[in-house]
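Knowing the structure of chain U, use the given hints to seat chain A on it.
2 protein chains.
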Amino acid sequence: MKKLIAGIIQQKSAATPDANREKIAGAVTLAIKQGARLVVLQELHNTPYFCQNENAENFDFAEPVPGPSTNFFSDLAKDLGVVLVTSLFEKRAPGVYHNTAVVLENDGQIAGKYRKMHIPDDPGYYEKYYFTPGDLGFKPIETSIGKLGVLVCWDQWYPEAARLMALAGADLLIYPTAIGWEPTDGQDEKDHQLEAWTTIQRSHAIANGIPVISANRVGFEENPEKKGEGIDFWGGSFLADGQGKILARAGNHEEETVVAAIDLEQSEKLRRTWPFFRDRRIDAYKDLTKRFRD
Amino acid sequence: MKKLIAGIIQQKSAATPDANREKIAGAVTLAIKQGARLVVLQELHNTPYFCQNENAENFDFAEPVPGPSTNFFSDLAKDLGVVLVTSLFEKRAPGVYHNTAVVLENDGQIAGKYRKMHIPDDPGYYEKYYFTPGDLGFKPIETSIGKLGVLVCWDQWYPEAARLMALAGADLLIYPTAIGWEPTDGQDEKDHQLEAWTTIQRSHAIANGIPVISANRVGFEENPEKKGEGIDFWGGSFLADGQGKILARAGNHEEETVVAAIDLEQSEKLRRTWPFFRDRRIDAYKDLTKRFRD
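Chain order of the listed sequences is U and A. All the letters of the first sequence, read from the start, carry residue numbers 482 to 775 under my numbering. All the letters of the second sequence, read from the start, carry residue numbers 482 to 775 under my numbering.
Where hints are given, some of them may not hold.
Only some residues are given here: those of chain U computed to face chain A with a beta carbon under 10 Å [unchecked claim]: (1) 537; (2) 539; (3) 540; (4) 542; (5) 544; (6) 600; (7) 680; (8) 684; (9) 685; (10) 755; (11) 772.
Source of the hints: derived by calculation from the structure; they are not laboratory data. Using N, Cα and C, we set each Cβ at its ideal position, and we do this for glycine too.
Just chain U, same shape as in the assembly (with noise of 0.2 Å):
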């Protein structure tokens, strides 16, 4: 099989950004020395994850796109020729910020970046105060080793993100992302909940034929300003292939390294097995792009 060898960082946040870059270069180094030429960051991995509550001064932690942070891990996909996912603050302009995805190529270069396209905002996950909505759209970043669907945490509850990737051409799905649970909820509903999320991606890697990597924020944070209870980030970060089959998994408590081999030959077979784009019926759709059909 033509394979790739890929890797999750999931992580803690560290006191400082100083501090996150330099534990994420170490667990890179780590995924290289298994092989790994494709590595995947969680979302906003350089920073505590400050939406839990609206505060105009982490708007500080906002930086250009290129800027500091894509200057170290350019070097850093450069010197362990390795092509990087990485999940910034981006300041565009005053008052304009994003949650965006930089890939840089395992030349230093970088190939392309992803604006977050779907905002939540939830107690807890005030990202609609942060993030100004995405408009570069649904388009797979090309790199040395294939076509990337980069999409950003609540993207991966939209089939159509997903879907859009996949008719661009992506060869993989992969989400940077930061999810976890209140801690007042019960263990039923915390054990759904990462169920859910677990199914809707694998649920991608099936509908399109092509294999997911989401790599998940891990510990609990509390809340900065005690109003609210914190989040406990539930890692369980993955790689699946194509038919939505997991190849490897993170636990839910602890920072962990995660690497796994992908056939890349894989999809080529899937789809001609179930032909699911053969048969989509694109003169029956036009309504998706309706908020409601009432």
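For chain A alone, kept in the frame of chain U given last:
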């Protein structure tokens, strides 16, 4: 909770349409005794799965809607006071046949019909020969127990179909289906296919926050023209809630009547917790009506 008890009839094909209808009537009666107010039958339940070959004589299985079968199931629905989801080979005009789900109201009236939109065509499943693509679109059928998002088999692989039903107000997604294993496939491949099939349907529940009911055929049907190895229909019919949690499930080898209580108030709660519909990027979805974005 405001609950709806729903049932699934998973059966092996009997020798004749009359024998199938009688067997179904017995099973529906059993479901009613367990409190069911909605019963879902499997795809093309009156006949063997005749699409294993392209044979013009099989068009003799088709019948008008309304016609003898809707009369039979209308009487059954009225007698038992149950909403019935049936799946018929519809003869609409010479040369125009459909794979049509007909919903009978609990007073015996035809509540509505859905003509299968996505038509497969693969070795052993020569459906494009028999079934003209549906022209009624993705519209839920209004009944006394709610709006039913009835889809059929191959439709289950398409997130677009489930989404369009949900956007049109469907309270439930319902899939009469007939899918099975090739006897020559290895056990691993069989397991992956069954799991992929379950996962994609559970994901439609999750993406849309509504329950899913899937009724599948069971048992081995040989290829009557000896042109293939036959199909081992894998059963596994199930009901899942709006988080994709399996409420009840049939096995993979035997006839079963499965009944479960569905919480009709769960959707409102789920869509408040994870409000996916609020954040859809309808401004960026128009390419979903393209064959491929190249």
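How the hints compare with the structure:
A least Cβ separation of about 23 Å between residue 537(U) and chain A goes past the 10 Å threshold, and the interface hint is therefore violated. A cut of 10 Å between beta carbons decides the hint on residue 539(U): the least distance to chain A is about 21 Å, and the hint is violated. Because the smallest distance between the Cβ of residue 540(U) and any Cβ of chain A comes to about 22 Å, over 10 Å, the interface hint for this residue is violated. Against a cut-off of 10 Å between C-beta atoms, the interface hint on residue 542(U) is violated, since the closest Cβ of chain A lies about 23 Å away.
The interface hint given for residue 544(U) is broken, as the beta carbon of that residue sits about 25 Å from the closest beta carbon of chain A, more than 10 Å. The criterion of a C-beta within 10 Å of any C-beta in chain A is met by residue 600(U), whose closest approach is roughly 6 Å, and the hint holds. The beta carbon of residue 680(U) comes within 5 Å of a beta carbon in chain A, closer than 10 Å, and the hint placing it at the interface holds. Contact between residue 684(U) and chain A, as hinted, is supported at the beta carbon level, the nearest pair being about 3 Å apart and thus within 10 Å.
Of the supplied interface hints, the one on residue 685(U) holds, with its beta-carbon coming within about 8 Å of a beta-carbon of chain A, less than 10 Å. A distance limit of 10 Å between C-beta atoms decides the matter here; for residue 755(U) the minimum to chain A is near 7 Å, and the interface restraint holds. Taken as an interface hint, residue 772(U) checks out: its beta carbon lies about 6 Å from the nearest beta carbon of chain A, inside 10 Å.
Taken one by one, the earlier hints fail for this structure at numbers 1, 2, 3, 4, 5, listed in ascending order.
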